[in-house]
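A.B. asks: Sequence:
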Amino acid sequence: MQSASDRQEYPAHWEADVVLRDGGTARIRPITVDDADRLVSFYEQVSDESKYYRFFAPYPRLSAKDVHRFTHHDFVDRVGLAATIGGEFIATVRYDRIGVNGMPASAPADEAEVAFLVQDAHQGRGVASALLEHIAAVARERGIRRFAAEVLPANTKMIKVFTDAGYTQKRSFEDGVVRLEFDLEPTERSLAVQYAREQRAEGRSVQRLLMPGSVAVVGAGRTPGGVGRSILANLREAGYTGRLHAVNRAFGPDITELDGVPAHRSVREIEGPVDLAVVAVPAGHVPQVVTECGEHGVQGLVVISAGYAESGPEGRERQRELVRQARTYGMRIIGPNAFGVINTSAAVRLNASLAPEMPRPGRIGLFAQSGAIGIALLSRLHRRGGGVTGVTGVSTFVSSGNRADVSGNDVLQYWYDDPDTDVVLMYLESIGNPRKFTRLARRTAAAKPLVVVQGSGSAPQGHAVRATRLPPATVSALLRQAGVIRVDTITELVDAGLLLARQPLPAGPRVAILGNSESLGVLTYDQCLAAGLRPHRPLDLTTAASAEDFRAALARALADDTCDAVVVTAIPAIGEGSPGDAELAQALRSAAAAVPGKPVLVVHVELGGLAEALSAAASTAPQTDTRVPPTPGRSGAPSQNGTPGAPVPESTVPAGPGATRVPATPARDVSPADSRAPAELPAHLGTPEDTHLIPAYPAAERAVRALAEAVRYAQWRREAIDPGKVPEYDDIDVKGAARRIDALLARGQGLTLSTEDTCELLGRYGVHVRRALPAPTPDDAAEAARALGYPVALKATAPHLRHRADLGGVRLDLADEEQLRRAYAELTDLFGKPEELRPVVQGMAPRGVDTVVRAVIDPAAGAVLSFGLAGAASQLLGDMAHRLIPVTDRDATSLVRSIRTAPLLFGWRGSTPVDTPALEELLLRVSRLVDDHPEVVAVTLEPVVVAPHGLSVLGASVRLAPPPARDDLGPRTLPAY
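If you read the sequence shown in my numbering, its first letter stands for residue 1, the second for the next number, and so on.
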């Protein structure tokens, strides 16, 4: 039998870490000759029933011949993969290539038999499904297109693994055996199945970190003040409902408790399971802690410790080793250099973070890579001072630090179907996998709002980020296409989040404005116009308006069918009969509760406490926690670094924007027995059925900006129901284009096509480039013009003059040879010799609007289609619109209309509208070309002259290269380290 070295080197790129159905992790790798002992040990732990299902007969042990066969592979015709935890096998899969007669064969045979064996203790964890994805990817790489499997009818679990995979398959029954045959080419259903399994597994892995039944704080010091001791105190004071342990190897034998928490020298000494370990020890001691946690069966780690990739190359290698070590034991990591995690659910009350106060429960999921930004966001959502009133609380909070393992993508998977989270707010310093993030964001945004602030600078040193060639504006546009509400600051993040957390989405952009200040109403009106909304003329109630006047006006506005949202402006009134803050707040709440289907916002300029009154009725304003005495050093005022302290009594909170909460019953005095801190209120009291929050803002521009984002998001939600389709065109020659691309790539690894090859390839997709002939001399120019027919254009194509008509390198509408020769002389006199100008002659195209179409494959974001008007002005303004490929017909329609200069295409100032349907078809054809052939890594069509009837492509370039890796089409894997 051949050894691996006879055929192929060890395929290290097949190694991968995967998340299993229950949220744990396993490592998948090829089986080698060194695995004989592991294989025997694994087989001994498999039940007799499972062995019978695998070999169709009693098979108590493996013979030496079996062990040799199952560990010696050529990695081409015979491949074996193993799933491992802690270095030991938990499951295996293998394929053997066969010919049409069912006997062992080599290429070009493209079928293989496949068989699995999963240890009984790990059945039901999705191990076989993950192994099938990976062995199928390996087989495709080795030229195998179809798998066959023979299964006993009683082995229903394995039959389900095959039938649920989503591949096109055939099923037959013969001689008491079920035979399954299925193609390995990914299908729409198989990808959907893979993504659904990915979501469940990754979501479950985060859930295990956020809802642990037991927590160990490793590094809890004997004296107060350290990081570990602070986290232990935060867990206690939050009222964590599970079992809590303090761990420090420096504890003496006399220390059995720390602040009433059981104390241990090692995780190994803890009796019973530990679900989550919070690690706060120096980086040099972390490996020992990870080993102890792994051997004890800990499910996940929150690593607060610093000194990793953020500290330089040595730290980066230390971080890689940390991830490798944790995954060996099936554990996931938040961090290192993390701020921690919080879950306000009454079922867990977890504050495993450096935040000294538990945020109030709410419906907002909060993710921040930066600990400092996490502190700022928690602070703004926790108190009134320094920003929007934090009446809406947090469901869960994750600060990922260096996000070496768990990232924003994983947390999105959790929040997608988390019933306690209605709105997701994310601060991202970097996006490690933009292609996957965009896919997950699109799915999440279809169910709940996703608001994102993304750092525009370079990624922090601790983050492993794929290189992207796309500018930040393009990335932002692609996120918006996926339904992400993209904002620029954390102030805007909170403003939008508070509006979306409890207000309904607006049905359109029509806004009613009413209030007791004419000037503030006009300012709000102007801001609405600037934001693209359609405001009604402001209704001035005058400064003499009573609370009843506000209530009646708001009720009328909400009942108006021509209104989609209402902005109420309020200034403090002085004098007899003027409404007090509480009275006005109750009036607004009453009107809003009567018509709950439209959003209401308040813009207030205050001297008193309208914001507090708007939020006080349901006891949602910050209160002093009566259950746990304040800890020394934790005053109500924020510290210098912005860390939230104890809640500030209502009377001391500076006035700021708030949120109205309408109770099911009138407000009442709260007895001491009921005066629990907001974090202690049962989660169901925050449901929309018994509350209605009205967000209030201190400035018109902030309220209008948040409303405009809600309007755009609501429009995206409506359009996402029918995203359109990728049309088919009968004249597209996919196979011919593929053959031509293969032939061209045979010349080299990457090349820009000649004009002839470009025109031929584009022509196979129905994109026809207007012919241009070189004119190195005046005589050549005249001959070219005679061949093309007058009138013609003479253009310089030198790089510094190409597509720059403003520099004078183009002469149009040359009606005869005399004009042509004169123009030729003018160009050479102005710009130099013909060999420097590279002049060409081209037939005149119908007049229209000059545009540019580009497509590029970015290694991080994927294939992107861009459109804009041609010319220096558009380039300087950056007026380009972008969509991810493949583009649907609705995407193409919106792409044309997304640029600021789009009115020029639709008859601006009396001009003739151009043929935008022809332009949209061109965009769809270019999208199809790039999507069908990933070897086409760049396409530029410039200029494309769009006339009132039809269009003309006057210039084109195409670049080919071997396609970049598409990890989103391969099997599920965690990022490699």
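Because the hints were derived from the structure by calculation, they are not lab data. Incorrect hints may appear among the rest.
Computed list of lysine-lysine pairs in DSSO-like fashion (alpha-carbon distance at most 27 Å, straight line) [unchecked claim]:
(1) K436 / K598
(2) K65 / K51
(3) K170 / K157
(4) K598 / K725
(5) K51 / K436
(6) K448 / K436
What follows is a set of in silico ranges between Cβ atoms, one per label pair, in the way DEER data are often shown [what the hints assert, rightly or not]:
(7) P153 / A976: 55 to 63 Å
(8) A250 / A976: 35 to 43 Å
(9) A593 / G455: 37 to 45 Å
(10) A473 / P104: 22 to 30 Å
Glycine included, C-beta positions come from ideal geometry on N, C-alpha and C.
A.B. asks: Hints first: check each against the structure and report whether it holds.
C.D. replies: Hint check:
no. : hint                    : result
1   : K436 / K598             : violated, 34 Å
2   : K65 / K51               : holds, 17 Å
3   : K170 / K157             : holds, 18 Å
4   : K598 / K725             : violated, 32 Å
5   : K51 / K436              : violated, 39 Å
6   : K448 / K436             : holds, 18 Å
7   : P153 / A976: 55 to 63 Å : violated, 40 Å
8   : A250 / A976: 35 to 43 Å : holds, 36 Å
9   : A593 / G455: 37 to 45 Å : holds, 40 Å
10  : A473 / P104: 22 to 30 Å : violated, 56 Å
In this structure, the earlier hints numbered 1, 4, 5, 7 and 10 are contradicted, and the remaining ones agree with it.
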